[in-house]
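K.L.:
Make the complex out of the two chains shown on their own, each in a separate frame, by following the hints.
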Amino acid sequence: MSTANHTGGFHHAHHFDSAEHQYESSKQGIWLFLVTEILMFGGLFVGYSIYHSLYPQVFHAGSKQLSVVLGALNTVVLLFSSFTMALGINYVQRGLKNKAIIALAVTIACAAIFMVVKFFEYTHKFHVGTVPGKYAYTEELSASGEKVTKVGALLAEANKLSVAEREHKLHLDETEYEHLTLLERTKNWPLFFGFYFVMSGIHGLHVLAGAFLIFWVLLKVIKNQVGPEYYTPVEGVGLFWHVVDLIWIYLFPLLYLVG
Amino acid sequence: MAHEQHNYLNHQKGIWSWLTTLDHKRIGIMYFVAIMSFFFLGGVFALLVRAELFTPGKTLFSADVYNRMMTYHGAIMVFMVIVPGIPAIFGNFVLPIMIGAKDVAFPRLNLMSWYMLMIGAAITGSTLFLENVDTGWTFYTPYSSIKTGMGVIPMVLGVFIIGFSSILTGLNFIVTTHKLRAPGMTMNRIPLMVWALYSTAILQVLATPVLAITLLLLIAEKTLGVGIFDPQLGGDPVLFQHFFWFYSHPAVYIMILPAMGVISELVATYSRKIIFGYTAIAYSSLAIAGVSFLVWGHHMFVSGQSEFAGVLFSFITMLVGVPTAIKLFNWIATMYKGSIRLDAPMLFAIGFMFLFTIGGLTGVYLASTGMDIHFHDTYFVVAHFHYVMVGGTLMALMGALIYWFPKVTGKIYSDLLGRISWVFIFSGFNVTFFPQFILGNMGMPRRYYDYLPTFTELNQMSTFGSWLIGTGFLVGLFGVFYALLKGKEAGNNPFGGKTLEWTIPSPPPHENFEKTPVLTGGPYEYR
Ligand code: HEM
Ligand SMILES: [Cu+2]
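So the sequence lines, in the order shown, correspond to chains A and Y.
Numbered by full-length UniProt numbering, the letters in the first sequence go through residues 1 to 259 in order.
Numbered by full-length UniProt numbering, the letters in the second sequence go through residues 1 to 527 in order.
Honestly, the hints are just simulated from the structure, not real lab data.
For every residue, glycine included, the Cβ atom is placed at its ideal position computed from N, Cα and C.
Certain hints may be false.
Claimed, not checked - Quick list of in silico lysine-lysine cross-link-like pairs, DSBU-like style, CA-CA up to 30 Å:
#  : chain 1 : residue 1 : chain 2 : residue 2
1  : A       : Lys27     : Y       : Lys13
2  : Y       : Lys488    : Y       : Lys13
3  : A       : Lys125    : A       : Lys160
4  : A       : Lys134    : Y       : Lys147
5  : A       : Lys220    : A       : Lys99
6  : Y       : Lys515    : A       : Lys27
7  : Y       : Lys179    : A       : Lys220
8  : Y       : Lys147    : A       : Lys125
9  : A       : Lys27     : A       : Lys125
10 : A       : Lys118    : A       : Lys99
11 : Y       : Lys273    : Y       : Lys411
Stated by the list, open to error - Ranges of calculated distance between the beta carbons of each label pair, as one might list FRET restraints:
#  : chain 1 : residue 1 : chain 2 : residue 2 : range
12 : Y       : Gly304    : A       : His124    : 38 to 44 Å
13 : Y       : Val518    : A       : Ile102    : 47 to 53 Å
14 : A       : Val46     : Y       : His374    : 28 to 34 Å
15 : Y       : Phe464    : A       : Phe126    : 44 to 50 Å
In isolation and in its complexed conformation, chain Y is listed as follows (with noise of 0.2 Å):
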């Protein structure tokens, strides 16, 4: 190009300019960094958990270190990767601009939120050095609270900030989209990803509080046995659990809902077809939303609630199901004779149907209480997790980040890197976590550092996959340097998108849009 362009990224210079940006792209670009540190440290954890459940017995490390490295992994990967991912990347991306905005509505608490996260991350990763946590990420009481070591308090106030960082961003979205639509862009004609993203903040802001009370009650039961959790003081453990829950479960939507937006996008774009049913799956997030806060029980089906809560939550947790269901019947009604392209992000699409099914489906057995007694904290539930939140969350991560990278970047990510890295993620992911389920229904406990000898093979299958999704993310990665360096000019709009963010230059502008849109139509007018 003969003139050098003028975009977000070269409009202002130096490491300073971006640790104080109020552009939401840059935020976004932040999360990325960050997050993805979480995410590889996490996944090393991951290697060595599995590594040492190669061979029963010791195979690398004791017990203790163990049960400490599967806490680092859980709480990591829940609270530092999955629950800020999408959201706080894409949605800090793409948000904004699928609006017509020019920014978020609050840009400041934008970057103070992406500063708790770091506050947060360094507490609570500070307790590796200090005093490791054993507890599983879920803090368990009475064991939390009384039984194992002090690391707990900073462990959970790091995640307590981190909560913050999520309630912020969760705000500032729901403000956004009210407040910021461009004309015409009434809520009926944004695109499906901000559907997704506007749900998902309503959870953040309603149920993370719910986390942030119960974190500070185990600070104060464990700084000074106030009693509320303690069963020697009159008070009761499984408390913590209903109050834990009520949080984690919509968490679980916290994570998959923005998974579900980018699916759409995507099922959208390489379909070259206008979506099926705009207004049910719009809708379906909010259902989702609201229907999750009212199964938490389903975690505590053996914590001795009554049969008649355990009967209730096991029917209102497969309500769930229905606008999930339809969710999905939209995708493939919209890829049903559409000119598909298997694109590297579509790649990505698909695998998230495939393993979110797998995922779903399993969920139903353990929402089934009879079932849920047979498999409950066995493996069966490592893999369906696993399935939900890894197969599901994660392959969405890496299709947006192919999908959007031209966005950000000006630079094509190579599409062959990103479909090698699908075979192996892909494929490691049901080597891995497939034989989970029968290891589960053997019989083997989760959270566990030894196990029979008839559950070797199994494992060892299992330990072998993870070797291939390790594989399979540094693909990925490798495909982001080779793509900065190597990548072709990407062009407005490479792969004929239609939401606004493909109607402006790449890397985008400072402010985005040179003059404001004006919509007339809504989002995906592909036929």
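Only chain A is shown next, with the shape it has when bound in the complex (with noise of 0.2 Å):
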């Protein structure tokens, strides 16, 4: 272990000045690690964008099929959560420990509800039958007994419709739905749910990770481990957190809003 010294009853490890020397440092590190985050999904907006560039239609399509209801409660959501992840790194550093730990499971509890959401669309995605690439083309029986494949189901199933139900089902307009064109129907497809799947996922992951490091230092709160004199784990988490939802703010437009 390193040795401690302390500064006004906190400590800071042995080959640090002060304790202000540390949390700079730390601060630094902890911005660091947030560009490589960001630079992670960087890559994927890059895909992202070259396939949206190459087939628009279908990643039109494919953007329609999400509940903007739902992705707009999601953005909402973890705003508000960031505002009281905010208010939480506030309180801790005025030594308000009651309204800190509110403000920090409040955090929590939008993270949770983010999560129940994506749940539900997940779910009804499967439901539905558009699921990630290679499951799209597993074959399956339909109704009258014949060998299908869930992207084939689905465009069976749209032919079929009028164009009311197909817009009101599948929310897409008759010109719109022309504009696929056979080939982009069957073959591209399933290509925009293989980023939605791939991004929100990813994204869902690093949601589940904040809420975990955010019940950690609020267990610190509780067990005055951080205070005004030292809050340097609650206001990087409380940074990861604010890279989290940014990046959200950036995905939904690009998932839902596209077209």
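P.N.:
Take a look at the structure:
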């Protein structure tokens, strides 16, 4: 274990001059880590924009399958949680322990709401047959007993529908539907959902990780391990949470609103 | 000695104190042990691969086994040996001391990085027993995603975790360099080794996340078939190559920049002269780091990218030569009229300059789009990258080992054994890889199990050379044990180095410095 020095009741590790010095170093480390997070998602954004420009219709049609209402709900939830997180940090800095606990707990609750909504979105997608690539092409028996792929079933259904029903069920109007050439409809359809599941999936994992981290600092608050003199972990986790939100703010329009 | 000195090695005792240590020096040693074990494994694979190529057709084992061994050789060497090598071992040990700090900024994170390397290596290594991988270390789609077995998933997951370890080490070094320099140690006074490690760290932090997402996508592709790299589903396998090389070209400099840092230290110490062009060497590291992000397309000249892209990538690639040449000329200018001592580390440094120059110049051939079409995926490429990575990085690693050995252990590494090792490695290296330039030019493709009978002699020469290299490294390893058991007491500064690590006892005390040093001048003030 490293020997610890004392300044104002709080520790700093032996290789730092002061608590202030340690705080600044930690903060720089956290920022650098966040840069790597953004770069990692950056790879996905690059891939997304390439394919979006290659198959605009497919992406347009795909995004119409997503529920803007649920997406928007989640956006609001996350924005609100960013606010409560910021409040939490502020309360910790000012030593308002009980308020801090409430603010952090609310943040965790928001993360939970987000995940529940995502759960319903995902299961609904699986239910109607929009699944990631490979499974969209796995064959199964249709109602009439013939072998069809998930995509095939989806399109067969779309073809059977009247224009109005199509608009209602698939959120596609007539011209949009015509725009999807047969090839695109059968072949590249799942690509959009490939991106959707990967991007929102990796983001979802980050939400879970964030919730876990917030829980960790919440415990620290309860145990009085952080307070006005020392709040680096709270602030670090807060920054992470803001970046997770920020990424969603980009994902939402890209996935739900394109077109 | 009358009373036992108190130092970082006897500060705490027992294996557990090592496995939980937060001391950057001990962590450096743990990296050394781990990475050298990987190196041994990768080396055995290399010797087997080469042995198989001793005759055309089947020599020892089947084509399938050959592909697997080649894959493990490449993946182990790249991801577990050369990339972490110098920064994790020597960077950990000397960087904090060189800037007058007591430790790295985040000691816990440092330990965690080591564990991540171990976990990643274990997961990757497990595929050796579960389901061998035969994709080559580049994991190109669609072969990796559609054709071959599921072993790719744990393999790639392991590499992903190793990448994480690399990111965290880089992050740690950046903050350490920014925040923990001793008073008076301005950025323009830090040793060149630190500049090199710092530039490397920037690359690690900026490039590795792209590898991370690429590997995650590959896993998603293989498990869910998301279609991003699968033409059947509208994706494009070439996108994988773009992503992969966007990391892996900068990774080449993650491998070589630390080596250049070592060479700068060696050249300064063994020429006993103030280093020529400190600023130029320092900033050329940053320049190399910057340019290296813009050149990935030179791996894809024949991938069907546009002609314009080809020309552009070709041009930018050649630009990297400029800062590299600046370094080389500055080292030579430093040696010029210096009182050069040809101790083993200096021999390795000179070996580095020689081999790296050949590797670099042949790189210019490959960077010319027209030539590349001739040389693409032939043994010319194999020779080129071995000259750069092995001739460059491993030479520096050996030099660093012998140079800092006394500081780390308090014992002198036998110079004679170092020289013998050098003779074997250096000559063996040329015997192994020079013929491969010729083979490549004659058209022998790489990654092939079989070859035309006309290539036999050169291949046999090459295989023979690999035994010489193997011997050289075994001598080097023997030197380590010999020095530990029989080595002379080193004293603080056996080679007359000027950087801070030579001002403290060997082995260093637990906290590096009795009291924080205050700097009044640059790092290499010989005369
Ligand atoms: C005794 C020394 C070595 C010998 C004899 C050797 C030999 C070989 C051979 C025969 C191949 C297969 C080439 C092909 O068919 O394309 C190969 C590939 C490779 N080697 Fe080495 N090697 C040695 C050391 C190293 C070291 C130290 C590194 C670390 C940088 C390294 C990195 C690689 C890589 C990255 C590949 C490509 C693997 C792939 O294409 O998947 N080698 N080596
Ligand atoms: Cu390259």
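K.L.:
Hint by hint, say whether it matches the structure.
P.N.:
A quick look at each hint next to the structure:
{"no.": "1", "hint": "Lys27(A) / Lys13(Y)", "result": "violated, 34 Å"}
{"no.": "2", "hint": "Lys488(Y) / Lys13(Y)", "result": "holds, 23 Å"}
{"no.": "3", "hint": "Lys125(A) / Lys160(A)", "result": "holds, 20 Å"}
{"no.": "4", "hint": "Lys134(A) / Lys147(Y)", "result": "holds, 14 Å"}
{"no.": "5", "hint": "Lys220(A) / Lys99(A)", "result": "holds, 14 Å"}
{"no.": "6", "hint": "Lys515(Y) / Lys27(A)", "result": "holds, 26 Å"}
{"no.": "7", "hint": "Lys179(Y) / Lys220(A)", "result": "holds, 27 Å"}
{"no.": "8", "hint": "Lys147(Y) / Lys125(A)", "result": "holds, 28 Å"}
{"no.": "9", "hint": "Lys27(A) / Lys125(A)", "result": "violated, 40 Å"}
{"no.": "10", "hint": "Lys118(A) / Lys99(A)", "result": "holds, 29 Å"}
{"no.": "11", "hint": "Lys273(Y) / Lys411(Y)", "result": "holds, 26 Å"}
{"no.": "12", "hint": "Gly304(Y) / His124(A): 38 to 44 Å", "result": "holds, 40 Å"}
{"no.": "13", "hint": "Val518(Y) / Ile102(A): 47 to 53 Å", "result": "holds, 49 Å"}
{"no.": "14", "hint": "Val46(A) / His374(Y): 28 to 34 Å", "result": "holds, 32 Å"}
{"no.": "15", "hint": "Phe464(Y) / Phe126(A): 44 to 50 Å", "result": "violated, 59 Å"}
Comparing the model with each earlier hint shows violations of hints 1, 9, 15; every other hint is respected.
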